[in-house]
Structures are given as structure tokens and as C-alpha cells.
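Asker: One letter stands for each residue in the lines below.
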Amino acid sequence: MAVTPEKTKRGKKPAVSMDRDELFAAYASMLLIRRFEEKAGQLYGMGLIAGFCHLYIGQEAVVVGMQHCIGQGDEVITSYRDHGHMLACGMDPNGVMAELTGRSGGYSRGKGGSMHMFSKEKGFFGGHGIVGAQVSLGAGLGFSNWYRENDRVSLTYFGEGASNQGQVYESFNLANLMKLPVVFIIENNRYAMGTSVERASASRDLSLNGVPWGMPSLAVDGMDVLAVKAAGEQAVAHCRAGKGPFLLEMKTYRYRGHSMSDPAKYRTREEVQRMRAEHDPLDSAKKHLEELGITEAEMKKLDDDIKLRVQEAADFAQASPEPDPSELWTDILVGV
Amino acid sequence: MATDILMPALSPTMTSGKLSKWLKQPGDTVKSGDVLAEIETDKATMEVEAVDEGVLSKIVVPEGTEGVAVNAVIAVLNADEASTAPAAPAAPAAAAPVAAMPAAPAVAKPVAAPQNLSEPAWGETKPTTVREALREGMVLEMRADADVFLMGEEVAQYQGAYKISQGMLDEFGPRRVIDTPITEHGFTGMAVGAAMNGLKPIVEFMTFNFAMQAIDQIINSAAKTLYMSGGQMGCPIVFRGPNGAAARVGAQHSQCYASWYAHCPGLKVVAPWSAADAKGLMRAAIRDPNPVIFLENEILYGQTFDCPVSEDFILPIGKAKIERAGSDVTIIAFSIMVDVAMKAAEALAEQGISAEVINLRTIRPLDIETIIASVKKTSRVVSVEEGWPFAGIGSEICMTVVEHCFDWLDAPPVRVAGLDVPMPYAANLEKLALPQPSWVVDAVKKLF
Chain B
0 MAVTPEKTKR
10 GKKPAVSMDR
20 DELFAAYASM
30 LLIRRFEEKA
40 GQLYGMGLIA
50 GFCHLYIGQE
60 AVVVGMQHCI
70 GQGDEVITSY
80 RDHGHMLACG
90 MDPNGVMAEL
100 TGRSGGYSRG
110 KGGSMHMFSK
120 EKGFFGGHGI
130 VGAQVSLGAG
140 LGFSNWYREN
150 DRVSLTYFGE
160 GASNQGQVYE
170 SFNLANLMKL
180 PVVFIIENNR
190 YAMGTSVERA
200 SASRDLSLNG
210 VPWGMPSLAV
220 DGMDVLAVKA
230 AGEQAVAHCR
240 AGKGPFLLEM
250 KTYRYRGHSM
260 SDPAKYRTRE
270 EVQRMRAEHD
280 PLDSAKKHLE
290 ELGITEAEMK
300 KLDDDIKLRV
310 QEAADFAQAS
320 PEPDPSELWT
330 DILVGV
Chain F
0 MATDILMPAL
10 SPTMTSGKLS
20 KWLKQPGDTV
30 KSGDVLAEIE
40 TDKATMEVEA
50 VDEGVLSKIV
60 VPEGTEGVAV
70 NAVIAVLNAD
80 EASTAPAAPA
90 APAAAAPVAA
100 MPAAPAVAKP
110 VAAPQNLSEP
120 AWGETKPTTV
130 REALREGMVL
140 EMRADADVFL
150 MGEEVAQYQG
160 AYKISQGMLD
170 EFGPRRVIDT
180 PITEHGFTGM
190 AVGAAMNGLK
200 PIVEFMTFNF
210 AMQAIDQIIN
220 SAAKTLYMSG
230 GQMGCPIVFR
240 GPNGAAARVG
250 AQHSQCYASW
260 YAHCPGLKVV
270 APWSAADAKG
280 LMRAAIRDPN
290 PVIFLENEIL
300 YGQTFDCPVS
310 EDFILPIGKA
320 KIERAGSDVT
330 IIAFSIMVDV
340 AMKAAEALAE
350 QGISAEVINL
360 RTIRPLDIET
370 IIASVKKTSR
380 VVSVEEGWPF
390 AGIGSEICMT
400 VVEHCFDWLD
410 APPVRVAGLD
420 VPMPYAANLE
430 KLALPQPSWV
440 VDAVKKLF
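Protein sequences appear in the order of chains B and F.
Residue numbering for the first sequence follows numbering that gives the first Met the number 0, beginning at 0 and increasing consecutively.
Residue numbering for the second sequence follows numbering that gives the first Met the number 0, beginning at 0 and increasing consecutively.
The hints are simulated quantities; they were obtained by calculation from the structure and are not laboratory data.
It is possible that part of the hints are untrue.
[Claimed, not checked] Within a straight-line C-alpha distance of at most 20 angstroms, the following computed EDC-like cross-link-like pairs (lysine to aspartate or glutamate) qualify:
1. Lys-119(B) x Asp-146(F)
2. Lys-178(B) x Glu-152(F)
3. Lys-223(F) x Glu-326(B)
4. Lys-178(B) x Asp-178(F)
Whenever a hint applies, use it, and build me the whole structure from the sequences.
Answerer: Rendered as C-alpha cells:
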């Protein structure tokens with residue numbers, strides 16, 4: 000199969016892929032993720048959230064833009080940096096935050112934690128802690144759609160660090176061999192924990208990593224929700240048409256450390272400041288919205304609503320009781 | 000000068016085969032590399048090429064003969080008319096020199112069905128190989144449930160590396176019997192993802208040794224997700240394939256993984272011995288809503304047992320079977336070691352010791368009840384496993400007995416296990432590394 004990896008250059012103004020209302024909804028989703036993650040960071044600092052906690056701040060446009068390309072019945076799966084994906088899928092912020100605090104009101108009743116939440120109802124399949132494992136699983140979600148001969152699509156997210164795992168390429172091969180409807184999405188935030196992509200990947204253009212398997216791909220400005228949606232629509236349409244998988248490299252950036260315990264000494268403060276100042280996905284969406292005529296009052300109301308929503312989630316997560324000790328022995332096997 | 004042409008061994012476990020077709024007839028001139036005959040092994044039909052040159056003077060074994068032992072003379076080559084080739088007494092293809100290997104028994108003897116403790120009320124039985132029983136188990140479940148499918152290396156077009164899935168592609172088509180590339184990590188993860196989305200995959204590993212490439216997906220994804228999701232996301236999947244030593248395949252193809260998988264909560268682990276075990280447990284494993292590790296044994300594939308023919312026949316996971324009743328000692332084994340235990344029990348009976356043999360069938364969850372009831376009766380226990388002793392299933396059985404019926408014991412529990420070494424290739428060394436009936440007999444006698 001001939002491959003024509005098309006590219007959208009970073010900074011180039013993408014085709015307008017959302018109207019005013021849709022962009023406003025996308026902005027609201029991104030803002031919810033940002034405020035939720037800021038609150039999670041606070042709760043972590045207060046000792047209410049423990050263990051690993053990987054914040055999505057900076058990358059919001061990726062998952063929100065992609066979510067606007069899919070519908071009911073499509074599947075989403077990702078790694079441990081998963082809070083944003085869950086909120087974008089429509090999962091209840093209360094349940095997500097309560098899982099972070101390890102309470103019975105959490106999505107996994109306190110037994111999964113930050114990295115392990117699921118919602119079959121919302122099409123969210125986790126939440127996986129082994130770097131790269133979710134890529135094969137995501138191929139399996141696509142496989143189930145292929146097996147059932149429906150037109151659903153699996154969105155399979157992973158970082159540029161995971162993109163060096165062998166099973167990622169095994170999955171690329173299987174997916175294009177069997178023409179499975181999977182959009183593989185590399186969230187290239189440039190750092191796999193402390194190792195920059197240049198120090199980890201001999202491949203200098205990750206969007207070309209599917210070429211040996213004949214997978215079409217796009218490199219996308221992952222800081223621009225409009226660009227993400229435009230590329231995502233193309234990828235999803237390709238899958239729904241039965242043409243097999245599609246690879247998207249989202250060029251993005253995380254503002255916080257890899258996890259809460261990462262001081263992020265491997266990059267300069269100036270680099271982070273520059274990204275925040277010049278490429279923030281919320282700022283650019285807000286600017287578009289203003290051009291489209293959204294009023295300051297509307298924005299202010301959204302801000303206030305979301306702050307309240309997040310505070311409610313934080314309150315719920317602290318008020319929800321810890322799981323009953325009997326929960327220790329449940330859910331090990333079905334029917335036992 | 001005449002050269003004998005011998006029945007070649009064409010697979011590591013082949014002891015006999017069917018001479019399906021002669022492609023040369025007496026009087027034909029044979030050149031080195033010519034195809035002489037077609038031979039059907041337990042895995043495939045193979046062509047036998049001539050090594051020596053000459054004129055085929057006599058066919059000893061006519062075509063269509065079944066159960067021809069490896070190294071039996073199948074034809075004679077009269078080398079007199081060959082101008083150049085030296086008439087070395089070499090066997091064709093992979094066969095070893097005549098003197099080096101004694102002829103194996105013509106056919107693997109059907110193991111006698113346990114006399115007194117057969118399955119309850121399953122009615123009519125028929126002689127069935129373990130291979131057929133595994134296939135029947137899968138086929139019956141696939142007919143009953145469209146969500147069940149089989150995937151793995153060579154399962155479809157090749158008809159199975161060990162012919163377990165023979166004919167299944169024809170019946171179920173390529174969407175349900177799926178050849179994968181050699182990519183264990185990838186296709187295992189893919190199958191686990193499909194199971195999380197409600198399908199019921201059967202994943203065949205060509206051997207469980209290769210499943211080590213995929214063990215992260217088996218443990219971290221398949222076994223743990225139900226718990227991590229608070230019960231939301233189950234994984235109804237069967238991982239199956241040959242486990243443990245075959246014959247002369249060396250250290251990387253001869254490991255028993257029973258204790259590896261049995262260690263992990265979230266998995267069930269079964270290890271059938273007989274054809275009935277294989278069929279009944281296969282059906283149960285496929286119906287089970289949890290991930291099940293199904294440990295088969297290559298040497299058992301060709302062995303014949305009486306197996307119930309009932310359409311409803313199924314065995315419960317988690318229940319052991321007393322294969323032979325006895326009163327003086329309990330011998331606990333699984334998979335091919337049940338055979339070793341039964342032979343040991345026979346030998347012990349001749350020496351006046353009555354041994355009870357428990358076929359575990361399921362490793363996890365372990366049927367503690369059956370073990371304890373037996374040990375309370377006999378007051379002595381010996382475990383037999385092919386895998387290594389350290390942290391093995393024998394260790395678990397010993398601890399279980401000590402915890403539950405220490406006061407009934409007349410002697411410390413003893414374990415018989417494979418030697419604590421990577422499996423050697425040499426025939427004599429391999430034999431020394433694997434438990435023999437005499438090891439079990441010796442272990443038992445130390446208890447008195």
C-alpha cells in the first residue's frame with residue numbers, strides 16, 4: 000500500500016473544524032481538565048492523594064479535540080496520564096477525584112487509583128500503568144469492532160516514550176495486517192519522565208513510525224484543539240471506512256513534572272514558560288472564541304461554573320468513605 | 000550391497016507414524032534428494048527424501064500402514080547399480096544411525112482407564128486422543144457461542160503446529176480461527192483488549208515458553224484489571240498450549256510454568272492429563288468469565304484415553320480427581336506426571352503399599368478439600384511435578400498439608416520434582432532430569 004503521510008506544519012493555521020458552539024464546548028472541556036488537575040495537584044500536596052499522580056496540564060487540546068471526532072460506542076484507552084481522558088469521555092469528576100483519594104465513591108471503589116479507572120458505559124477502557132501495554136490492548140478493542148463487523152473505532156493513546164516499546168510495533172503490524180479500526184495517537188510531550196525524545200528515539204519524526212507497516216499518518220499541532228479535531232476527523236473517517244489503522248503524532252507539552260514527585264530538572268524554566276506563554280491550548284481557543292463573539296460575561300460564567308464543579312468533586316472525594324475492608328477480597332475473580 | 004531405509008523421526012515427540020504413500024516403487028532408480036515416501040506424523044504429513052543412491056529393491060512396509068515405529072526398516076535399497084554414492088548405512092532425513100537408537104514401541108499404548116473411579120454418569124465413552132479432546136472442547140464451545148474465537152501462530156491454514164486446531168478453519172472461517180504473525184506480546188495484548196470488550200478469545204501459544212514474551216499482558220492486564228476496575232472490566236480469555244518438557248528440545252522449550260501462573264491472584268490455572276480432563280476442562284475454561292491458563296503437554300497429545308461422548312460433558316474447574324484409591328500414601332500429581340504417579344502406584348502395590356493417586360486437574364484454585372481428605376486417610380503425602388522444586392507446586396502442597404492436617408501426618412511431606420537445572424539436550428541427561436516412577440517409589444518408601 001502506498002503511503003502518503005500528510006503533514007500539517009506546526010503554527011500553520013488549520014482548517015476551521017469547529018463552529019462557535021462546538022469550540023465553546025471544547026474550551027469548557029479543556030478548562031474542566033485544567034482546573035481538575037490543578038485541584039488534584041493541591042490535594043496531592045495536602046496528602047489526600049498519594050502514590051503516582053500524573054497531571055495532564057498542557058495537553059488538554061489533544062484529548063478534547065479527538066473526543067469531538069467520535070461518538071457513542073467508540074472506545075478510548077490510554078496510559079497512566081489518564082484523568083483528562085476520563086473527563087473528556089464524560090466520566091463524572093466526583094468519581095474520578097474520589098478514586099484519586101482512594102475512596103469507595105471512586106470509579107474503581109478505591110482499588111485502582113490514579114492510573115486505573117474504567118467506565119464501560121462511557122467507552123473508557125483505562126487507565127494502564129505499564130508503558131506501552133495499552134497499545135496492544137487498544138488494538139484488541141479495534142479487533143473486537145472488526146470481529147463484530149460494526150463501524151466503531153478505538154482511540155489508542157500513548158506517549159512518545161512508549162513509542163519505543165516493541166509491542167507498539169507489533170500492534171501496528173497486526174492492526175494494518177488485519178485492517179483494524181484503530182487510531183493510534185502518540186502524545187509527544189517531548190519528555191518520557193526525564194528523557195527527552197531526542198535522547199530516546201532514533202526516529203526523528205514519530206509520525207513516520209507507521210510507514211514500514213503502510214500506516215497513513217499526520218503530524219499535528221497538539222496544542223491547537225482545532226488542528227487536533229481536523230486531523231482526528233480524517234483519521235477516524237479512514238478507520239470507519241474499513242481502511243485500517245491511522246497514526247497521529249500530537250506535538251504537545253506537559254507543564255508539570257512527569258508525576259507529582261518529579262522536580263523536572265531536565266528542562267529549563269524558560270522552556271516551560273515559553274510554551275505556556277506562546278502555545279497554551281486554552282489561550283488560543285479563548286482567542287478564537289473571542290473572535291467568534293463570545294462575551295467576557297459568558298467566559299466568566301464558565302470559569303465560575305467549572306470552579307464550582309471541581310470544588311464539588313474535591314469535596315465529594317474527601318467526604319466519601321474509605322472502602323470497606325471486605326473490599327480487599329472482592330473483584331479478584333468473576334463469580335467468586 | 001543393500002542399505003536399509005528406516006522409518007525417520009520427523010518431530011521431537013514422534014515415536015511412530017503412518018506410511019501414507021510410496022512415491023518410488025521397486026526397480027525405480029533413486030537419487031539423493033528424491034522423495035521416497037510421504038509419512039504422516041502426529042503433527043503433519045512430511046516427505047521423506049533419499050540420502051543414498053541406488054535402486055529400490057524392496058518395499059518392506061506397504062503404504063497405508065499405521066503405527067510404524069521410528070527406526071523400523073521400511074524399504075531396502077540395492078546400492079549395487081549406483082555408480083558413485085557410497086552405501087553408508089544411513090537412515091533418511093532426520094533419523095539417527097541405526098545402532099545409536101533402539102526402536103521405540105510401535106504405538107503409544109493407550110493408558111488404561113482408571114478402573115474404579117471413573118467420571119460419574121457421563122455415559123458412553125470412546126477412545127480419544129488428548130489432541131482430539133482439546134479440539135472437540137473448543138469446537139463445541141465455538142459452535143455454541145459466536146463470541147468465542149481461536150487465535151495464534153499457525154492455528155488456521157497450517158491446521159495447528161500440533162494439529163490441535165485441525166479442520167477448525169474450514170468449519171469456522173478466518174474471522175474465528177485466526178493466524179497471527181510471530182508476535183506473542185502484541186497478539187496477546189490484542190486478545191486481552193478484545194476480551195475486555197466482551198469477546199472470548201482462546202489464545203494458543205505454540206508453547207508456553209513463548210508466552211514469556213507476553214507474560215506482562217497475561218498478568219498485568221488480564222489478571223489484574225478486574226480488581227483495579229472495582230469489578231467493572233473482566234477478561235474472559237483462555238491462554239492455552241503445550242507446557243513443560245517435550246522430548247529433546249532443550250532448555251528454552253522445556254519449562255513448566257505451573258507455579259509461575261499459579262502464583263497470581265486473578266488467574267485460574269488448569270493442567271489436564273487425560274482426554275476427558277482435556278475436553279471437560281477446555282469447555283469449562285472457555286465458559287469461565289475469568290482468564291484461564293490452560294497448560295497442555297505435547298507428549299500427551301497423541302495418547303489415547305476413554306473420553307465421554309456426551310454433548311453436555313464438562314468438568315468443573317477447581318476439582319481434583321482421585322485416579323486410584325489407596326490407603327497408605329497420597330501421591331499428588333498433575334498433567335503428564337499423573338502417568339508417572341500411576342506407574343509408581345502400580346509398582347508400590349506389588350510391594351504391598353497401597354497408594355492413592357490424586358490428579359489435580361486444576362492448580363489454581365487448588366482443591367484443598369480433596370487433598371486434605373486423602374492425607375487424613377493415608378497420613379503420608381508425596382507431590383510429583385515436572386517443574387523445578389524451588390517455590391514449586393510441591394512446595395504449595397506441602398504447606399497446605401502442614402497447615403490443614405499436620406497432626407495426621409506420620410512422616411514429613413516429600414516432593415518429587417524435575418531437577419533444579421535448565422533442561423539438558425542429551426538423551427541420557429534429559430532422562431536424568433525428569434521425574435521417573437522409580438523416584439516416586441523411592442520417595443514413598445522413605446516415608447515408612
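Asker: Output the numbers, in ascending order, of every earlier hint that fails for this structure.
Answerer: none
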